[in-house]
Amino acid sequence: MKASSRFLFNIKSSITKSSRTLPPIVPRRSIFNQRAKIMTSSLPKTQRALLQPDPKSTSIIITTLPVPTPDFSKDEHLIKVHTVSPCNGELLWTANFPPPAEFAAAKSLVPCDDVAGVVISAPPNSPFQPGSKVYGRTNYYRTGNAREYTIGTTEELALIPEGLSWANAATVGLSALTAWQALFVQAGIEDGGYRGKRVLVTAASGSVGSWVVQLAKVAGAEVIGTCGPDNIDFVRSLGASEVLNYRSEDLKAWAEGEGKKVDIVIDTIGRKSLEDAWWTVKDGGLLMSIFQPPESARPQGYKGKDVKNFFFIMVPDGKNLAKVSKLLEEGKVKPNLDSVFPFEKFEDAFKRVEGGHAKGKVVIEISN
1 MKASSRFLFN IKSSITKSSR TLPPIVPRRS IFNQRAKIMT SSLPKTQRAL
51 LQPDPKSTSI IITTLPVPTP DFSKDEHLIK VHTVSPCNGE LLWTANFPPP
101 AEFAAAKSLV PCDDVAGVVI SAPPNSPFQP GSKVYGRTNY YRTGNAREYT
151 IGTTEELALI PEGLSWANAA TVGLSALTAW QALFVQAGIE DGGYRGKRVL
201 VTAASGSVGS WVVQLAKVAG AEVIGTCGPD NIDFVRSLGA SEVLNYRSED
251 LKAWAEGEGK KVDIVIDTIG RKSLEDAWWT VKDGGLLMSI FQPPESARPQ
301 GYKGKDVKNF FFIMVPDGKN LAKVSKLLEE GKVKPNLDSV FPFEKFEDAF
351 KRVEGGHAKG KVVIEISN
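The sequence shown begins at 1 in our numbering and counts up by one.
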């Protein structure tokens, strides 16, 4: 046999032998499906959950509910919940703002729409396959997340930034999304358009206000925040160039100073703070509130011109949240965590929220 023939024969023989010993190539989708089967095969049929038995009452109990089944045709994911965060006033929402009839029948009154957890099962084409660590704000019209297993849709979720704890992850959803949408969606100003603009934030030390301060600062704005005397240093540390003590500072008098008026006001607390904030807006400026329609708090004698004003409610949006995640990973913003309570201490968690003294978000740990 010629050398060249022996060479080709050896190659062919080697390939044949290797093909007998190499493991088969498993498609990536099959790996995900296998993982999903393993994770779902051990699922219990029931779970512990917090429940509001009566929408007209603010009492909550621990109860047992069925583990939900996700509908992949609706982009639903089954999520094992690690942490959730309650929102001030949410136990009154169903009585005051009942969900549409098509959602009401399927909704259990489980609180807490801010969630962080691990995907157990997912639609085949979802970017969040089983094992993914996700967080987000789910739609209020559906059952909430203070339960061991919950449902989240593709459009509501984002991957948790590397290094962010379960507790901190649960604080981000509502607060960061509200701030992001106020600045970059509702205001109609894209990132980069804030350079040279002055932004006033009321209740700047609160869960939403602290995010507005940070995001506006990152976007290049000069930020002025209002807060109580105990939080002045905190708000300044977030990036505010000027911090006003709402208990002693008269906003109307302050705004009369040279160069003090602002281009945009983002009100997060309403009532008297919103009324006073009207005096600070430049003619042609923008005033928005997440608490109440600004027109309902327009002060008597106000003569400003062409001030656009409106009230808005955030919407769950995983794409917006992913942009916040990038800033978290880069260390340009930080979450605002007040305290963490174990599942069994849920009543203390809600008391902390409703008491109005939390410095940041309160979190309930559902599972380790």
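Keep in mind that the hints were calculated from the coordinates and are not lab data.
Some hints here could point you the wrong way.
[What the hints assert, rightly or not] Distance condition first, Cα-Cα at most 25 Å in a straight line; then the derived DSS-like pairs of lysine-lysine:
1. K252 to K217
2. K197 to K332
3. K272 to K261
4. K326 to K260
5. K319 to K272
6. K308 to K80
7. K319 to K351
8. K107 to K197
9. K217 to K133
10. K197 to K261
11. K252 to K326
12. K305 to K319
13. K308 to K133
14. K305 to K326
15. K308 to K197
16. K332 to K252
17. K261 to K323
18. K252 to K319
19. K305 to K334
20. K272 to K303
21. K305 to K272
22. K74 to K107
23. K56 to K133
24. K323 to K197
25. K359 to K345
26. K282 to K80
27. K217 to K326
28. K260 to K303
29. K217 to K56
30. K326 to K80
31. K323 to K334
32. K80 to K56
33. K260 to K56
34. K332 to K308
35. K197 to K56
36. K133 to K260
[As the list claims (entries may be wrong)] Pair by pair, the computed Cβ-Cβ distance ranges are:
37. F72 to S108: 17 to 23 Å
38. I313 to S108: 21 to 27 Å
39. P98 to G196: 30 to 36 Å
40. K359 to V185: 26 to 32 Å
This one's a predicted model, so the numbers in the text were calculated from it and none came from an experiment.
Heads up, the beta-carbon is just placed ideally off N, CA and C, and yes, glycines get one too.
Here is what the structure says about each hint:
1. Among the hinted pairs, K252 with K217 is consistent with the structure: their alpha-carbon atoms are about 24 Å apart, no more than 25 Å.
2. Taken as a hint, the K197 and K332 pair is honoured in the structure, with Cα atoms around 19 Å apart against an allowance of 25 Å.
3. For the given pair, K272 sits about 18 Å from K261 by alpha-carbon distance, which is consistent with the 25 Å threshold.
4. For the hint linking K326 to K260, the alpha-carbon distance of about 33 Å lies beyond 25 Å, and the restraint is violated.
5. With a C-alpha separation of about 34 Å, the suggested pair K319 and K272 falls outside the 25 Å cut-off, and the hint is violated.
6. Restraint check: the Cα-Cα separation between K308 and K80 comes to about 43 Å, which exceeds 25 Å; the hinted pair is violated.
7. Among the hinted pairs, K319 with K351 is inconsistent with the structure: their alpha-carbon atoms are about 32 Å apart, more than 25 Å.
8. Between the alpha carbons of K107 and K197 the distance comes to roughly 43 Å, so the proposed pair goes past 25 Å and is violated.
9. For a cut-off of 25 Å, the pair hint linking K217 to K133 is broken: about 29 Å separates their Cα positions.
10. Among the hinted pairs, K197 with K261 is consistent with the structure: their alpha-carbon atoms are about 10 Å apart, no more than 25 Å.
11. Taken as a hint, the K252 and K326 pair is broken in the structure, with Cα atoms around 38 Å apart against an allowance of 25 Å.
12. For the suggested pair K305 and K319, the alpha carbons sit about 36 Å apart, so the restraint of at most 25 Å is broken.
13. Of the pairs offered as hints, the one joining K308 and K133 is violated, with about 40 Å between alpha carbons and a cut-off of 25 Å exceeded.
14. The straight-line distance between the Cα atoms of K305 and K326 is roughly 38 Å, outside the 25 Å bound, and the hint therefore fails.
15. Distance hint between K308 and K197 is fulfilled; the C-alpha atoms sit about 16 Å from each other, no more than 25 Å.
16. For the suggested pair K332 and K252, the alpha carbons sit about 33 Å apart, so the restraint of at most 25 Å is broken.
17. Annotation: proposed proximity of K261 to K323 is violated, straight-line Cα distance about 30 Å (limit 25 Å).
18. Restraint check for K252 and K319: the C-alpha separation of about 38 Å exceeds 25 Å, so the hint is violated.
19. Simply put, K305 and K334 have alpha-carbon atoms about 37 Å apart, too far for the 25 Å limit, and the pair is violated.
20. Restraint check for K272 and K303: the C-alpha separation of about 18 Å stays at or below 25 Å, so the hint holds.
21. With a C-alpha separation of about 21 Å, the suggested pair K305 and K272 falls inside the 25 Å cut-off, and the hint holds.
22. Simply put, K74 and K107 have alpha-carbon atoms about 16 Å apart, close enough for the 25 Å limit, and the pair holds.
23. Our distance criterion of 25 Å between C-alpha atoms is broken by K56 and K133, whose separation comes to about 35 Å.
24. Taking the CA atoms of K323 and K197, the gap is near 22 Å; set against the 25 Å cutoff, the hint holds.
25. A distance of roughly 19 Å separates the Cα atoms of K359 and K345; the hinted pair therefore holds under the 25 Å criterion.
26. Our distance criterion of 25 Å between C-alpha atoms is broken by K282 and K80, whose separation comes to about 48 Å.
27. In summary, the hint linking K217 to K326 is supported, as the alpha carbons are separated by about 16 Å, within the 25 Å threshold.
28. A C-alpha spacing of about 17 Å is found between K260 and K303, which places the hinted pair at or below 25 Å, so the restraint holds.
29. With a C-alpha separation of about 41 Å, the suggested pairing of K217 with K56 is violated against the 25 Å cut-off.
30. Proximity of K326 to K80 is assessed by CA-CA distance (about 24 Å); at most 25 Å being required, the pair is judged to hold.
31. A hinted pair counts as satisfied when its Cα atoms are at most 25 Å apart, and K323 with K334 qualifies at roughly 13 Å.
32. The suggested pairing of K80 with K56 is violated, with an alpha-carbon distance near 29 Å, which exceeds 25 Å.
33. With a C-alpha separation of about 45 Å, the suggested pairing of K260 with K56 is violated against the 25 Å cut-off.
34. A hinted pair counts as satisfied when its Cα atoms are at most 25 Å apart, and K332 with K308 does not qualify at roughly 30 Å.
35. Proximity of K197 to K56 is assessed by CA-CA distance (about 44 Å); at most 25 Å being required, the pair is judged violated.
36. With a C-alpha separation of about 44 Å, the suggested pairing of K133 with K260 is violated against the 25 Å cut-off.
37. Between F72 and S108, the C-beta spacing of about 21 Å keeps the proposed range 17 to 23 Å intact.
38. For the pair I313 and S108, the supplied restraint of 21 to 27 Å holds, since their beta-carbon distance comes to about 22 Å.
39. The beta-carbon spacing between P98 and G196, approximately 44 Å, falls outside the hinted interval of 30 to 36 Å.
40. Between K359 and V185 the Cβ separation comes to about 27 Å, which falls inside the hinted range of 26 to 32 Å.
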